[in-house]
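In order, the protein sequences belong to chains A and B.
For what it's worth, my numbering labels the leading residue of the first sequence as 1, then goes sequentially.
For what it's worth, my numbering labels the leading residue of the second sequence as 1001, then goes sequentially.
Calculated directly from the structure, the hints in this document are not laboratory data.
Built from N, CA and C at the ideal position, the CB exists for glycine as well.
Heads up, some of the hints might be wrong.
[To be verified] Restricting the straight-line Cα-Cα distance to at most 20 Å, the calculated cross-link-like pairs of lysine to aspartate or glutamate (DMTMM-like) are: (1) B/1029 with A/113; (2) B/1116 with A/391; (3) A/27 with B/1193; (4) A/158 with A/80; (5) B/1116 with A/167; (6) A/24 with B/1243; (7) A/411 with A/452; (8) A/434 with A/391; (9) A/112 with B/1105; (10) A/37 with B/1252; (11) B/1209 with B/1252; (12) B/1086 with B/1118; (13) A/89 with B/1243; (14) B/1014 with A/80; (15) B/1040 with A/105; (16) B/1245 with B/1177; (17) A/96 with B/1193; (18) A/27 with B/1060; (19) B/1014 with A/391; (20) B/1116 with B/1064; (21) A/89 with B/1060; (22) B/1014 with A/160; (23) B/1040 with A/80; (24) B/1235 with A/80; (25) B/1202 with B/1138; (26) A/24 with B/1105; (27) A/37 with A/80; (28) A/117 with A/160.
[What the hints assert, rightly or not] Per the computed footprint, the stretches of chain B lying under chain A, defined by three or more beta-carbons under 8 Å from a beta-carbon of chain A, are: (29) 1032 to 1045; (30) 1048 to 1062; (31) 1103 to 1112; (32) 1183 to 1195; (33) 1204 to 1213.
[As the list claims (entries may be wrong)] Here are a few chain A residues that face chain B, going by a calculated C-beta distance under 7 Å: (34) 37; (35) 63; (36) 64; (37) 85; (38) 95; (39) 98; (40) 99.
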Amino acid sequence: MGKCDNCPINYRDFSPMSSQLPQKPVKVIKGNTDDLKHHVLRFNTPRTVRLDNILAENVSMTRIVDENQISQPEVNLEGEGSEYGWKSKQARLAHKYKVKAITEDQCPWELKDRNDKCYIGRKEGGITANSSYIVMRETQPGVYEAYPVEDWFTFTPKIDYTTFNEEEAEEEFKRRDKTFNHGNLMLQKRLRVNLGVENEFEKSQAQLKVHDADDLLGDSDDANEDLFDDPTKKRKKTIKKFRKSKQKDEEDLQKEKDDEDNYDAHASHEVDYISESDSDDSIDLSTEKPNTVRKGEADLKEDGRLYRDAQDSDSDEEETSEMKKLLLQQGDDESGSDVDENSEEFKALMLKNKASNDSKRERSSTPISNGKEPPNKKQKVEKSDGSILTEENVWRYLARKPISTKELISKFKSKKSGLNKQDMVAKLSSILKKLAKQFMKDGKNYFVLKDEYKNLYKDV
Amino acid sequence: MSGIYVDQPEIKQKTVSTECAQNSLWLVKVPKYVAERLQKCEVGSKFGAIQTQRTPAGPEFTFEVEPKLCEPCNGLPACPSSHTMKLGTLAGVNRNLAVYSDTQDVINIEGVVKTKFDVMQRSDPKSSLSYMKLKRFEAEKKMDPGRKIVITNKSHNNFKPSNVSREQMYTTKAEREEKLRNKRTRLDADAVESMILRAFKKHQYISQKHLVAITGQPEAYLKGFLHKMCVYNQKTPHKNTWELKPEYRYYESDNAGPSEET
């Protein structure tokens, strides 16, 4: 086997699934094992490796000899400090105490492939303790040579780093939340204030009709809470409720109010969630593009998106194109969560919720009850023209980072452009055609701004 | 290994040949007795045969060990010849297997394991009987104690009378004559002193036994010089050795020390 002239270049891959099973009996002869031992290399790597990549040209295999294990002469062999006959004395002692030199077989292998990736191969014990292995190789068609296997070596990638023990890891973990560049952080904060972020914030605040920061915070907390509970369940409930409410008229609502009183603690959460989304929308609609608020809202929407993802599995739309599917899901969601279509009913619902009062609920619904008229009016106006889906808004999203179709749609879906789905897609695609070029990444379509439009709205 | 020095053989650097690395190999797990038969088999001669049968459940493989090899010989009992060969899985840590062969100078990568088989004993009556006999033999062999009690009628002598002395028994005639010829004779003091100094120039610590051998002087005569010129170490690390007194000492690394005097 040592001679490679015998190796068949076009070996037959003898696998049970292949159609060409040997018709005649295969003859097995004993291969030449004179001063030649066969060993198995086993690659135990976290990922599957391609052996033909590793065991290609320029692979080197060396024995690692542990210097500590090799005994060094402790004294000079000649001159000062030397002892006559020291070596023979040591040999006598080694014989007496059965101390043996390290043999080649005891040393682990170090295998370096052509990319200098290093593997350490240690001799495996137990495998051959109760079983034996034979390697067979086809030399001629129908003739196999058999060789006994001597040793197994398990190769693992060599690591250059040291790992923490338990205490060290604990120590490092404690330091996780500490801030070390505190001075730097404070400086940055001060700089930001000087640059007028604060002013901008105030400006946006001035445009808001109703804004209760505390309220918003509370709501977002609630949203998070919902996330950590069972989101799909609650979501379903809300959707169900709204669908019902659409179908029923005022009298039915009145009846339902009584049922509502029997709702458990979860019911209150639901209402919170709804009121939150509404208050958000009112903020969003009343101000064209308030930076700070939108940021917060974006976070909320992020949550909402997660929410939707969880729910996606429930909706059973069969559509051919991905785009259409997305849009349909969006439509489905809208009918559930976003109440802009029939604000009358929504109002009624809110009133009803207020009636079935507890203190928390009252607080959360205050913004709506205060500014009952203006947001609704605005919503109606927005619905008619769909001005959220503008070139500028699309540009803003694109300017940040490359964005996928799905993400983009979800951004505008939540904005309540008031447009029909088809219209919205048509409009969006026309804008994208103008502004962006698309590229594929991980099987998704991404859009990025064309170079000539990079500074289009920068100073606005 | 602490404290005791062992001469280490040099570990050679070998070249790796990957010419055959693309070969696909079978790894066959066999019972131990089959592996023993393979060891016994001569190089190049037939070891066995694999037969394939098509069945509705898929192909079935049979491994026949050469019947000649299965006969009892050299204290080994007969073993079953026919075996089933089951297709094993190459999964988990077993999926990346290669084989290399190790010779004096070259390591040959022989190929990659593509198929794994498990050779197992058949369950038909003939094979079973043969297998059970083999197992019985192995079990009996294991239970056999190494030493047995034998009752004897006569008393047994541990020693045998001989007409040669113990010395004559363990040394050759030439050695004995050599020893007589080199009988230790007392040389004059200067010669002995210079011999001692020469010996101590090479090594700092020498045991008395070795000094006698080096100088070839009678032990009692030599001892007088040693007491005059040397100190005796009674403690480790150089226990029971002689060392020159500091005023006689001169070593190359110790230039500041007093020079050699006679």
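Hints, one by one, checked against the model:
1. For the hint linking residue 1029 of chain B to residue 113 of chain A, the alpha-carbon distance of about 29 Å lies beyond 20 Å, and the restraint is violated.
2. Annotation: proposed proximity of residue 1116 of chain B to residue 391 of chain A is violated, straight-line Cα distance about 63 Å (limit 20 Å).
3. With a C-alpha separation of about 80 Å, the suggested pairing of residue 27 of chain A with residue 1193 of chain B is violated against the 20 Å cut-off.
4. Distance check on the hinted pair: residue 158 of chain A and residue 80 of chain A sit about 43 Å apart at the alpha-carbon level, beyond 20 Å; violated.
5. At most 20 Å may separate the alpha-carbon atoms for a hinted pair to count; residue 1116 of chain B and residue 167 of chain A exceed this at roughly 44 Å.
6. Among the hinted pairs, residue 24 of chain A with residue 1243 of chain B is inconsistent with the structure: their alpha-carbon atoms are about 82 Å apart, more than 20 Å.
7. The straight-line distance between the Cα atoms of residue 411 of chain A and residue 452 of chain A is roughly 24 Å, outside the 20 Å bound, and the hint therefore fails.
8. With a C-alpha separation of about 9 Å, the suggested pairing of residue 434 of chain A with residue 391 of chain A holds against the 20 Å cut-off.
9. Pair hint residue 112 of chain A plus residue 1105 of chain B holds up; C-alpha atoms about 18 Å apart against a cutoff of 20 Å.
10. The suggested pairing of residue 37 of chain A with residue 1252 of chain B is violated, with an alpha-carbon distance near 51 Å, which exceeds 20 Å.
11. For the proposed pair residue 1209 of chain B and residue 1252 of chain B, the alpha carbon gap of about 26 Å is over 20 Å, so the pair is violated.
12. Proximity of residue 1086 of chain B to residue 1118 of chain B is assessed by CA-CA distance (about 5 Å); at most 20 Å being required, the pair is judged to hold.
13. For the given pair, residue 89 of chain A sits about 18 Å from residue 1243 of chain B by alpha-carbon distance, which is consistent with the 20 Å threshold.
14. Distance restraint check for residue 1014 of chain B and residue 80 of chain A: the Cα-Cα separation of roughly 39 Å exceeds the 20 Å cut-off, and the hinted pair is therefore not satisfied.
15. Taking the CA atoms of residue 1040 of chain B and residue 105 of chain A, the gap is about 24 Å. The hint is violated against a cut of 20 Å.
16. Between residue 1245 of chain B and residue 1177 of chain B the alpha-carbon distance is near 38 Å, which puts this suggested pair outside the 20 Å criterion.
17. Distance check on the hinted pair: residue 96 of chain A and residue 1193 of chain B sit about 36 Å apart at the alpha-carbon level, beyond 20 Å; violated.
18. About 16 Å separates the Cα atoms of residue 27 of chain A and residue 1060 of chain B, which keeps this hinted pair within 20 Å; it holds.
19. Annotation: proposed proximity of residue 1014 of chain B to residue 391 of chain A is violated, straight-line Cα distance about 69 Å (limit 20 Å).
20. With a C-alpha separation of about 17 Å, the suggested pair residue 1116 of chain B and residue 1064 of chain B falls inside the 20 Å cut-off, and the hint holds.
21. Restraint check: the Cα-Cα separation between residue 89 of chain A and residue 1060 of chain B comes to about 64 Å, which exceeds 20 Å; the hinted pair is violated.
22. Between the alpha carbons of residue 1014 of chain B and residue 160 of chain A the distance comes to roughly 25 Å, so the proposed pair goes past 20 Å and is violated.
23. The straight-line distance between the Cα atoms of residue 1040 of chain B and residue 80 of chain A is roughly 57 Å, outside the 20 Å bound, and the hint therefore fails.
24. Annotation: proposed proximity of residue 1235 of chain B to residue 80 of chain A holds, straight-line Cα distance about 18 Å (limit 20 Å).
25. Taken as a hint, the residue 1202 of chain B and residue 1138 of chain B pair is broken in the structure, with Cα atoms around 61 Å apart against an allowance of 20 Å.
26. Distance check on the hinted pair: residue 24 of chain A and residue 1105 of chain B sit about 39 Å apart at the alpha-carbon level, beyond 20 Å; violated.
27. The straight-line distance between the Cα atoms of residue 37 of chain A and residue 80 of chain A is roughly 47 Å, outside the 20 Å bound, and the hint therefore fails.
28. At roughly 12 Å between alpha-carbon atoms, residue 117 of chain A and residue 160 of chain A fall within 20 Å of each other, so this suggested pair holds.
29. Counting residues of the region 1032 to 1045 of chain B whose C-beta sits closer than 8 Å to any C-beta of chain A gives 10, which meets the bar of three, so the coverage hint holds.
30. Three residues within the 8 Å Cβ limit are the bar, and the region 1048 to 1062 of chain B against chain A gives 8, so the coverage statement holds.
31. Closer than 8 Å: that is the beta-carbon criterion, and the region 1103 to 1112 of chain B has 9 residues meeting it against chain A, so the requirement of 3 holds.
32. Taking a C-beta to C-beta cut-off of 8 Å, the region 1183 to 1195 of chain B contributes 0 residues in contact with chain A, too few for the three needed, and the coverage statement is violated.
33. For the region 1204 to 1213 of chain B, the stated coverage by chain A is satisfied: 5 residues place a CB nearer than 8 Å to a CB of that chain, which reaches the threshold of 3.
34. The beta carbon of residue 37 of chain A comes within 5 Å of a beta carbon in chain B, closer than 7 Å, and the hint placing it at the interface holds.
35. Because the closest C-beta pair between residue 63 of chain A and chain B is about 5 Å apart, less than 7 Å, the hint holds.
36. Interface restraint check for residue 64 of chain A: the shortest CB-CB distance to chain B comes to about 10 Å, outside 7 Å, so the restraint is violated.
37. The beta carbon of residue 85 of chain A is positioned within 7 Å of a beta carbon in chain B (closest approach about 6 Å), and the interface hint is therefore held.
38. Because the closest C-beta pair between residue 95 of chain A and chain B is about 10 Å apart, greater than 7 Å, the hint is violated.
39. About 10 Å separates the beta-carbon of residue 98 of chain A from the nearest beta-carbon of chain B, more than 7 Å, and the hint is not met.
40. Annotation: interface hint on residue 99 of chain A holds; nearest CB of chain B at approximately 5 Å, less than 7 Å.
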